[in-house]
Amino acid sequence: MKLVYFAWVRERIGLAEEERELPPELATIADVITWLRQQGEPYEHAFGGAGTIRAALDKTHAKPNAAIAGVREIAFFPPMTGG
Amino acid sequence: MKLVYFAWVRERIGLAEEERELPPELATIADVITWLRQQGEPYEHAFGGAGTIRAALDKTHAKPNAAIAGVREIAFFPPMTGG
Amino acid sequence: MPVSEIPVSDLPVSDLPAPCAIDIRIIEGDFDPAAETAALCAGRTDIGALVTFTGLCRDEQGALAALELEHYPGMAEAEIARVAEAATHRWPLLGVRIIHRYGKLMPGERIVLVMTASSHRANAFAAADFIMDFLKNRAPFWKKEHKPDGTAKDWVDAKEIDEHALKRWDQAT
Amino acid sequence: MPVSEIPVSDLPVSDLPAPCAIDIRIIEGDFDPAAETAALCAGRTDIGALVTFTGLCRDEQGALAALELEHYPGMAEAEIARVAEAATHRWPLLGVRIIHRYGKLMPGERIVLVMTASSHRANAFAAADFIMDFLKNRAPFWKKEHKPDGTAKDWVDAKEIDEHALKRWDQAT
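Top to bottom, those sequences are chains E, L, W and D.
Under this note's numbering, think of the first position of the first sequence as 32, with each following residue one higher.
Under this note's numbering, think of the first position of the second sequence as 32, with each following residue one higher.
Under this note's numbering, think of the first position of the third sequence as 129, with each following residue one higher.
Under this note's numbering, think of the first position of the fourth sequence as 129, with each following residue one higher.
No lab work stands behind these hints: they were computed from the structure.
Please read these numbers as outputs of a predicted model, since none were measured by experiment.
Please note that a few of the clues may not be correct.
[Unchecked claim] Here are some of the chain W residues that sit facing chain L, going by a computed Cβ distance under 8 Å: (1) H228; (2) G231; (3) W283.
Virtual Cβ for every residue (Gly too), placed ideally from N, Cα, C.
Please model the entire structure based on the sequences and the hints provided.
Right, here's the structure in full:
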């Protein structure tokens, strides 16, 4: 699975993107986040620290309970501040 | 008194403006209109024919019952269609 | 008697203390929206939102050869200034520029420009919208349509919807 | 868990049948609003109202040296297109152009352009306002502020007011 990170999520993790083999029991975005928090301090800081995180599946906004089956890219980022 | 006319009011009367000696008993815009309607067919057509007329006193919108004392210019025109 | 009992809607007022620069022009020739933007924003970094409304001479399926715009010199400037000032008292604006043309205009030509600047977009949007609503109701301009066959020339009737639009601004901001 | 339960507001939908030309660009360099206007209006006489919103990099009293805009390539275009399409289904529009920049921007520079054309002004105003509200909430852009002292660099927080602004569009048009 391709994981991509933006803004302070990217900075806390120290990566813009990475390819990860996800355990097959991970079914939703929320599951992926729970698993990522166990991948070391930077991930715990990004996903367990202060601030709201949003997610997208294959470049489409998705809720935490969205299923990741068949997805190629998951993105994590703070609420948007464009415009 | 200077009287000025715009749009179809001007066209019906056949004048863009005129200087008129108003009878001293005319107190309001409504009085002026009643008097103008007696000044010939073009005026009757303009002020008694179809269509709504608005008025301004010295280039400021005014209601029919507005007093004309001290005024130098009365304008008559249809509802505005600019913009 | 056909004289309207309510000539125009009263402008809503409010108490904001900081009116901004207001530039109003009534002209016969065309204008350049880009030059107006540059003039309004020159040397400033406090403007976060700029809303530009451009009204164009619209041809309804070939039914219009040209528009002729008559205006009341002096009163046109004064009325538009009143509307712009009311907007600056209602929203915290950083600049207002309004241009209205008169004379003969062909389909596709610009008629009116309303430009409002503010720190934040909601104020700029509301102010431009407000200015157009009141400008249409209060500014002494009248449109005559020239038809393609050269015969009929009709004065455009004021639309009721334009007066109804004003009621939106009666409530508090 | 800090993940937002509602990632973004759903776009309101409606049934208008006639979507119009939509032009969307995500670019690093500057853009020219006058060129966009000319492109949108070229050869047309059916447009009566053109609303242009320009978002500018605003310096709050010398507190900002520059903005850095990060974006999610691909998703940014797609999300803005969704917002623009929703607008064309909700109002009878004759053209929409949206440009959003990314990269480093100095105070006073243009960030975003939203241009909507319609026969009548109310539709053009509402559509531009709507597009900006949803663009801010849904388009994947993030602003980082560079301070004049060169030290602190802070990500801009999303404003609650921006989410509240969306609720205006829940009612029928």
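**Item:** Index of numbered hints that the structure contradicts, given in increasing order
**Value:** Of the numbered hints given earlier, the structure breaks just one, which is hint 2.
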